[in-house]
Every structure is written in C-alpha cells, then in structure tokens.
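S.K.: Make the complex out of the two chains shown on their own, each in a separate frame, by following the hints.
Each protein sequence line maps, in turn, to chains A and B.
Residue numbering for the first sequence follows my numbering, starting at 1 and increasing by one per position.
Residue numbering for the second sequence follows my numbering, starting at 88 and increasing by one per position.
Quick caveat, the hints were computed from the structure, so don't treat them as lab data.
A hint or two may mislead.
[Stated by the list, open to error] Part of the chain B face toward chain A, derived, beta carbon under 10 Å:
id: 1; residue: GLN162
id: 2; residue: ASP163
id: 3; residue: ILE211
id: 4; residue: LEU634
[As the list claims (entries may be wrong)] Restraint-style ranges between C-beta atoms, simulated for each label pair:
id: 5; chain 1: A; residue 1: LYS5; chain 2: B; residue 2: LEU448; range: 16 to 26 Å
id: 6; chain 1: B; residue 1: SER191; chain 2: A; residue 2: GLU60; range: 40 to 50 Å
id: 7; chain 1: B; residue 1: LYS102; chain 2: A; residue 2: LYS41; range: 50 to 60 Å
[Unchecked claim] Taking lysine to aspartate or glutamate pairs in the DMTMM-like style, the calculated list, with each CA pair at most 25 Å apart, reads:
id: 8; chain 1: A; residue 1: LYS24; chain 2: B; residue 2: GLU288
id: 9; chain 1: A; residue 1: LYS40; chain 2: B; residue 2: GLU140
id: 10; chain 1: B; residue 1: LYS427; chain 2: B; residue 2: GLU479
Each residue gets a CB set at the ideal place from its N, CA and C atoms; glycine is no exception.
Take a look at the letters that make up each chain.
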Amino acid sequence: MIRQKVTLKNETGLHARPASELVKLSNKFKSNIELEVGEKKASAKSILGIMSLGIKVNTEIEIICDGEDEQTAMNEIIEAFNNNFGE
Amino acid sequence: MLKGKGVSTGIGFGKIVILKNEEKVIEKRTVENPEAEMQKFKQAFNQVIKETEEMVSKLSGTELDIMQAYLMIMQDPSLISETENAITNLNYSAEYAVEVGFNSVIQIFENMDDEYMAGRSRDIADIKNRVLSKLFNEETINISKLEENTIIVAKELTTSDTAKLDFKNVSGIITELGGTNSHTSIMARTHAIPAITKVEEATKIFRNGDYVAIDGLSGEIYLNPSEEEKQKLFKLKEEIQKENQELEKFKGLETKTKDGYKVELVANIGTPADVEIVLKNTAEGVGLLRSEFLYMDSENMPTEEEQYNAYKEVAEKMQGKSVIIRTLDVGGDKELKYLKLEKEANPFLGYRAIRLCLDNLNIFKTQLRAILRASHYGNLSIMFPMISSIEELREAKKILEECKTELDNENIPYKKDIKTGIMIEIPSAALISYGLARECDFFSIGTNDLIQYTVAVERGNEKIAKLYTKFHPGVIKLVKEAINGAHDGGIFCGMCGEAAGDELYIPLLIGLGLDEFSMNSNSILKARKIISNLEKTECEKLAERILMLSSAEEVEKELKKFSQNK
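Looking at chain B on its own, in the form it has when it is part of the complex (with noise of 0.2 Å):
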C-alpha cells in the first residue's frame, strides 16, 4: 500500500492513465512503415518549430537574437539529417532515432574543450525533449474522452488539464505535488473525485492500465487490491454514500441556525457546467464565478460575444438565484498563452488581477460589457479582485460606468442596478473596510490569498506549508475587520475561500457574523446540516474567546473542542 495525502475524500476504483510522463526511457524499436515513421517525425518536429516561431515573433532585443539562433539551429538540416537517416535505414521508431540522432549532435557539443559551446548541447536536448514530449503526446490518451473509472496519475495537473478533462469518468486523481489548496485539490473536490497528492514518483510507480483502488481521506492507495482490501474499501465507500443520503435530508431547506440567525450558503464554480452541482446541491446562488475559465482554455482573448454567451448560460440557468460574477484573475501562479507578461520576482505580490485590467482597459471593457450584458438574464453581480486601495475601487467602478454609458448609447439592455462587490484577500483591504464599504455593495473574503498575504507564505510553497493556516489569530482579525466595516457600512459580507466550508471554522464565522459562506457545491449540504446544528449566541461567545487567543495552535484546539461537543 502506497500513501500521499488526501485532498478530496471518497472511494474511487479504477484504471491508471498516466499524463506527462517525462524523462521517460526510450527503447530500442524498428518500424515496418519507415514512411509513416517520418511522417509521424516530421510533423511533431515541425510543430516545435512552429511554436518556437511563434515565440520568437513576441521578441524583441538580446532575447530575440538569442532565439533567432536557436530557430536557425532548429532549422538546420544537419540536425535531423541523423535522425532522418535512422528512420529510413535503420527502420527505428520515430522516438527511439530522435533519441539517437539527436544525441550524436548534442555530443559533438558535449565534447568542445568551450564552455559556451558545450553548453549548446543543452539547447539541442532541450529540442529534442521538445519533438519527444510532441511525439508522445500524440500517443497519450485524449483526457476529454476517458475510459470509464479512470484514474489519472500525473506530476501535476495543470489548469489547461481540469478543463479539458473528462470528470465524469474520473474516479480519482493522484498526484506527486500539490497541497489541500492546490489547483488539482480544489478541483477534485468540486467535482466529489476523491485525490490524492504529495505521492512520490507515482508517474514512475504507476503504468498506464495498472488497477488501483484509492481512499482520499486517509491518502491510501491499493495497487491490484487484495480480495479483503477491495472488501474493506467497498464497505467505506457504501458508509460515505449512507452519509450523503443523511445529507440529501438537508436539501432545499433554508439556512439558518437554531435559533433562527439566517444566512446565504452559495456555490464557487469554474465554468458554466458545474452550475448542474450547484442546484443539485441546492446552493442558494453562486458567489463566486471564477471567470478564467474563459481566458485560459483559449488560444486567443475571449470576444464579447463568448464571454456573454458563458455568463448568460450561468445567469438564465441559476434562473433569477445571485450570481457573483469575479472579473479576470490572472498573472502570478496563472498565466495566459496570448497575454505575454513578464517574468516577476514576485508574481503574488506584482502584476497581476484588476492591477492588469486596469491597465489594460480594452481586456476589462470587454470583460465588463459581456457580464453588463448577460445581467439582463438574470441575477448578476460584478466582483473584483486583488482591491488593495480605495483609488483602486474607484477606479473600477469608473470604468463600469463607462461601460454602461456606452451600453445606454447603443440601447443594449443591462441590469441597472447590478451590484459591484470586491475581494477582501489583502490585508491592507481589510483594514480599510469601514471605507471601502461605503462605496460598493458587498464584500467577499478570500481567505486563500488573505492567508498567503496576512502570514507572507506562499501557497504553493511546500517548505512552508506548514505556516500556511487559516487558524492564525491575525487572519481572524482581519476576517473580523472586514466583517464589522462591511455591516457599519450597511452591506454583507460573504467568503469564498476554502475556509467558508470548513467544519471547524463555519462556527467562529457565524459567530463573528458572516452573512454568506460560499464553498464548493459538494460541500453545501454539510454546511448547512452543521449551522442547523448551532445557535448563533454560542458562536459569539465562542468567537469572543477565540479573539482573545496569539496561536493558531490553540485556535485550532479551541475550534476542535467546540466541534466535539456538538
């Protein structure tokens, strides 16, 4: 039995498909049609050569010369000319005369007594990795199109991965990276695939076809289980389904805790297909549409019209619920194909969500047009991110109006009172809250980056992971700060972190008098069971004590207490 940490709970049962296996060992092969062979050759090779144009003619300066180069070599026929000949004569397989063709010319560099040059060998492996992954690729499966109950394995899944693969035949994930808020986390859980990551060497472990049974609570993973570990696993498995039945009880009842204090429980989706979740799980709207989806499965800036056709989707079929709109989120940690941004010390801390749109007003206009127009179909409202500053609000908001005027002039139909909220998710927003709440509609806090910039860790940071929590006294003071100036300034405010969904952490939020809580549809109905179960003056008081805590640690004792006696 293998173990990793589990991110996403649930039993799956299933296949192996391997995605991305790099540094794979190329054998020895010989073809009976050298023909397709070189075919297959060529046109993975033309291909990289293609996107390296590409790349080149975003260049300028010392880089373009420097890529120039590299594109001549790429270009010249002597560095294939091995490769060609291997296929044709020796009748090996497109990847194996790579490897051999490409290897004689990295070692002719390998060999020069100048450092520069055999330096060149690495440009020339690195094309060759390039033409491998392409002819490999070909090969692999197509993750929009799964076998039933597959289980993928990979290094990481990549956000371009989550969109396109194909969650209905996806009994579970693993993974070697990634943490509980990883991308692939995240995702598993919005989609109930139960995860595990933090595996080591799983793409090495694991060959495609190999059946695996995995436990996404305890991170535990059977290969070819026993008789009696499938028994065991099967028994778990019908023991979550009970649990979920005893959910199904909670269904399209209101929220609201025993003593009657009523609050929003909301869904935070990816793309118009999971609003299906949403309503199965009977969430009361949703609170936050992650809007990349659009901008990061294309190759080129979404239109007006594609992004109107996607948040008209959203609004007509949440039929009149609340749908919080959150505009482009990009730069960091996720980065756009066409938008070519410079590489940052910093990306958490740099160019990045509403500091790009606002300087770059045709991708916000676009942006704002295409929600401003599918508000006339339903319940929508706008949220930007990353507000630091009142200036930047403004700003925005300024910008929004534009965009109605020009929406009036051409008699386009929008909601004319659509609400505009902001991210409370840097604590310099926090602090202004009391100002910040009287000039927009809503807050929402995300707690996954107030935490990362409250506690300066990085998210994704494995070293440091550990300082990375939500439990932290000065994360709930803030969250207390935004919750008190948006109420002074007579607006609600809502969260759309993953601590919104959180067992332990719903009581203290309720406590400190959060109007919304917005999580993954898959965690909707335990919420509610769990506010059903609680009276809103047990949580102030439990809130009170905990505000008068300085360790995470015994914040987090405090919260588990409070739960157990439940």
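Just chain A, same shape as in the assembly (with noise of 0.2 Å):
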C-alpha cells in the first residue's frame, strides 16, 4: 500500500466531468484507490463517492493505492491531478 498527497487545481473543483475522468482512470488497475480528506475517504472508482467529499479548488487529498499495479496507478493519478483532468 502506498500513499501520496496531491493537491486539487481544478477552479471549480472535483465536481462531475474531472470525477468521471478519475473514476475512468482508477477503473483501469485491479488496485483498490481511495482519495482521504480530512477525515473522509471514499473509493476512486465510484463518482458518487468522490463527489460526496466535495473537493474544492486547493485542498490537499491523498490518495492510497494499495494492489499488484499501486505504483502505475499512482504515478498516473497524480499525474492526472497535475493537468487538471485536462480542463
């Protein structure tokens, strides 16, 4: 299991189109992904579950792969974060 903090840019904030492209991206690795706020957690692979911890622009969340594929899951979500889901 490994675990990296990265920090949300969207303006608007993980609300549903950036959230289905997570969920798109998380759904292709057999590693079970969570996202941790605070002190809310929720799966990366169901949208209703990231858009219930309602992300905002410039919050720090860290996500916790953990599965045969955690370090490509990983290293492509962040990199997902960084270009802001292509917004």
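M.R.: Structure (structure tokens):
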C-alpha cells in the first residue's frame, strides 16, 4: 500500500466531469484506490463517492493505492491531478 | 360540480382513468416477495440507464461530457445500494425503496456547502423521478386497451398518447391544460368525444375509478352525479342525439347554397383509421391527411414501404374521392424521437415542415416516392406545408419531379397528373398568392397557423390566448387575398383550419368565394346544413360589410347577427 498527497487545482473543484475522468482512470487498475480528505474517505472508482467528498480547489488530498499495480496507478493519478484532468 | 372549458361537445358518463399522475405521493408499503420487487426495480432502473445511454450516443462536446458523468453516476453501485438494501432487508415496495434509497443520496449532496455539489442533488432527484415514473407506468392502464366508458384525466394529452388511445372506449376527456385548438381538443372533436380542458388540478382531484358525468359544451363535470343531475344530462344527451338525427337527412347530399352555388365539403384526418368516420359523415373527400402519424408513432423513420401502405390504404378506402396528403409537418411543437433537432428560441418560426424537408432530402424523397406510388390506387394530391416563398415551392416541385423520374426509370406506376398544392399559413404566402397560384394546382388555407403568424400570438400560450382570433380583420384580409389569388390563377382555394367548420365563419367564407371546406368529420353534416341554408348573394354582401370593419369584436358581432337572423 502506498500513499501520496496531491493538491487539486481545478477552479471549480472536483465536480462531475473531472470526477468522471478520475473514475475512468481508476477503473483501469486492479488496485484498490481511495481518496482521503480530512476525515472523509471514498473509493476513487465511485463517482458518487468522490463527489460526496466535496473537494474544492486547493484542497489537499491523500491518495491511497493498494494492489499489484499500485505504483503505476499512483503515477497516473497524480499526473491526472497535475494536468487538472484536462481542463 | 366542477367547471372547465368545454372544447368538444357531447355528454359522457364513465369511470376515471388518470394518465401520468406526476408528483405522486409514495406511501410506505412492504411486500411479501422482495425478489420479485427487486426484479421490478432493476427492470425499471435498467430501462432508465438504457434510455440515457441512447441519449448520450447522440451527443458531442460539453454536453457529452456532462451526460457521460451523469451516466456514470447512474452506473455507480453506491447510487442504488440503499434502495437495494431497503428492498432486500426491509421488504419495502420498489417505489418506496427508491424514494428512501435515492433520498439518502440526495441528502448527502444537499447538505454540502458547495453550491455546485448541492446542485447535483437535483440530478439524483431527476434520476429518481425517472425510475419512479417507469415503476408507475408498469402499473398504469394500457391506454390502447381500455374498459368501456372510460373518462381519461390527464395534465395534457401528448400526440403519442392520442395516437395510442383506445377511442371507442373513451367516453370523455378531462385535461388540466390546453385550449380549443390544442392537439387534444382537435382529436376529441374528430372522434366525437366530449372533452373539457383547463380543469385545474384535475389529476389530483380525481381518483382512478371515480364515476363522473361531463358536459363537453358547458364544461361542467359532475363527480358522483345525483339522480337528478344524471336525469338532466341524459335528457341533454337525448337532445343532442335528436339533433344528430336531424343532420342525418344531410347525408349523401350535394353541398350547395339555396341559390345553387356548389362547394366541396371534405374532411381532415390524422390516420387511415379515420377514413371510416369520413365516409360515415359523407364527406366528399379528404382535404387534409396529416402524415405525421406515421412519423410520430414510430421509433424509427418510417420506410417508403410503410408509408406507401398507409397512403394506399387511404386512397383505396376513399374509392376515387380526392385525398390531399400534406407532407411532413414537424419541428416546433411536434418533435420526432429519431430526428434530433436543436432547441430553438422560436420553434414556430424555425426549422420545421417544408424547411426541414428541403434540408433533409432523404426524408422528403422517401415520403414523396411513397405518395406517388400510392397515387396509382386512388385520387391523391400532394400538399406542401409552411410555404413562405415561391422558391420553396419551386424547390419542392423540382424534388417531386426527380422522384417521378426515378419511378419512371424503375417502371413503377403512379398518377401522372397528380396535383400539387400548398398550404397558405404564412402571411407572406397569402400576400404573394397571385404568383404562387401560377405555379401550383391548389391552395389550402391553414387558419390555425395563419392566425398565429398574423397576430403574432403563439397558439399554445394561454396568457395571450385572447388575442388569438380568427375574427381579426387582418386575418380575414389575408384569407381574401389567398382566395382572390387562387381564382386569378384559375385554381381552387380550400381551407383546412378549424375556422372552415365554424358556424359563424362559414357564411363569410362562402361570401369570400372559398371553394373547399375541410374540417373534422363530425362537423361535415352540420356544415352542409348551414350552407344549404345560405344564399351566395347575401353572403357576398356580408363579406363586403365585414371587410369594412376594423376590430375583431365588431366582426364577431356582425357574424353573430347574421347567423341569428337566419
């Protein structure tokens, strides 16, 4: 299991479209992937879960990957965050 | 007693069936068999997903991104985990489980301090409502197979509702919305079903199975009528029947005035099935066959073969009598599932009817070929709707010629001298009638749209409904212009709007020289009776007086005075 912190840069927060991008990306991996914000935690493979975290711009998020492809998953997810999910 | 606006006369008695009761109160209910309930839920839910997928497949750009995210929400197992839990572990009914389960998700979003996220609760609520309506639809009665003497209650009937409706068992229609010229009202009159509109909250006031009596003339509705009320209405019903018997005398007669001026009295129809009523009322032909039924009733664009069969059926049943088929008139208020049209700010002034056809030649040509092929079996004519300029008429005729050449090359027979005409429903067309008349074989004035375009009042807008009137002198002048243009060009001029069957309006139209009156089949005999009682010369004088007036009110008064003195 690995953990890494990332900050969301999308002005409008992690709303439906970027959240759906994150789900699509996460579903590519076998690992269990979770997002942790403060005390709340949700699966990165559930759009409702992600949206229910209500992540706003400049929020620090901890990504937790656990599984055989955890390192690739982490790298790609961090990259997606840094690219603002293509927005 | 309740009161609405009577839009189709007649007395009806029967039991109420409510269509699409939105905002239904969902009561807590447990079930014996959760497995069956789960299946019911899954079926409804999967249907909603499937419909969304279909929607998504037609989108692009930002809209696509948004809808994809929406679809992903629907496919997220956590969306329905509470619902499933409520069915499996609490034995709730599918409806109640959806209510509870989805509300738990809605609440999560509602409580978020982010405005955008809070707004997403509406998306979830929308999914919930769609699933619920699927669940309720399963329970609602199949409207194409109703019990005898059913009174339909709905907010408003859609075209697809009326297309499916089992008319022979409907003894009345009550709606919350709609006016005299709304789709429901026209259909009700065609089928001689008493109908009342503008009954506020009708879908909430009544319950399925309530016994009511309705009077489609006065707009009165009696819920559980007393013996006395029943007697009164039975008596009224008898009187109406007596009047109808009186009209029976006019069956099969020629339509002419006392002084021998002959006109054509023909019918407006919406489907081949309507031909029966046309013949029963001895209309002299079909002045308007609305071809939309083929398109609106179907999930896909109707094929040439399907259309050909339908037109051929009408042509044959009418046994050589004239049948005018209007080409596809959609857009604006009438949409097609499989033809994605952009939302427009002013759909009635937008991409519709002939404009849409000239831009989608495959649709247009398929229809024209089907009509041409069917014309071999009867006396068919083609009519183009919404012509506003001579170029459109020329373009449409050019395409018709192309279709004829194709059929010639394929050795397929058709009526070589098939007549082509146009609807006069846009003021500009009425004003250039002299030119148009030289390039087509007939006109038919569509008053419903002509009024709307002349006085700039949208037909369905209740707030300004008062301004929508056939008595407006401006409208009458355009009608006169169209008739004069037609006669100057040596062609005939008909009218297929509601005004053609109007008791007050008929004398005016005779006076203006209208050649053909096309109306609902049920008005035919009455119109024949009215015309038989008129003299062309007195009508001409009436028309002269009317043309001097400058207000709708004065026109109506003058026409009423004329009718009363008859």
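S.K.: All hints, please: hold or fail.
M.R.: Here is what the structure says about each hint:
1. Interface restraint check for GLN162 of chain B: the shortest CB-CB distance to chain A comes to about 8 Å, inside 10 Å, so the restraint holds.
2. For the restraint placing ASP163 of chain B at the interface with chain A, the shortest Cβ-Cβ distance is roughly 5 Å, inside the 10 Å limit, so the hint holds.
3. A least Cβ separation of about 8 Å between ILE211 of chain B and chain A falls short of the 10 Å threshold, and the interface hint therefore holds.
4. At its closest, the beta carbon of LEU634 of chain B sits 62 Å from a beta carbon of chain A; the interface hint therefore is violated under the 10 Å criterion.
5. For LYS5 of chain A and LEU448 of chain B, the hinted distance range of 16 to 26 Å is not satisfied, since their beta carbons lie about 60 Å from each other.
6. Taking 40 to 50 Å as the suggested C-beta distance range, the pair SER191 of chain B and GLU60 of chain A does not conform, at roughly 28 Å.
7. Against the hinted window of 50 to 60 Å, the Cβ-Cβ separation of LYS102 of chain B and LYS41 of chain A comes to about 56 Å, which satisfies the hint.
8. Using a Cα cut-off of 25 Å, the hinted pair LYS24 of chain A and GLU288 of chain B is violated, with the two alpha carbons roughly 46 Å apart.
9. Between LYS40 of chain A and GLU140 of chain B, the direct Cα distance comes to roughly 32 Å. Violation of the 25 Å bound is thereby established for this hinted pair.
10. For the hint linking LYS427 of chain B to GLU479 of chain B, the alpha-carbon distance of about 23 Å falls within 25 Å, and the restraint holds.
In terms of the numbered hints stated before, the structure departs from hints 4, 5, 6, 8 and 9, listed from lowest to highest.
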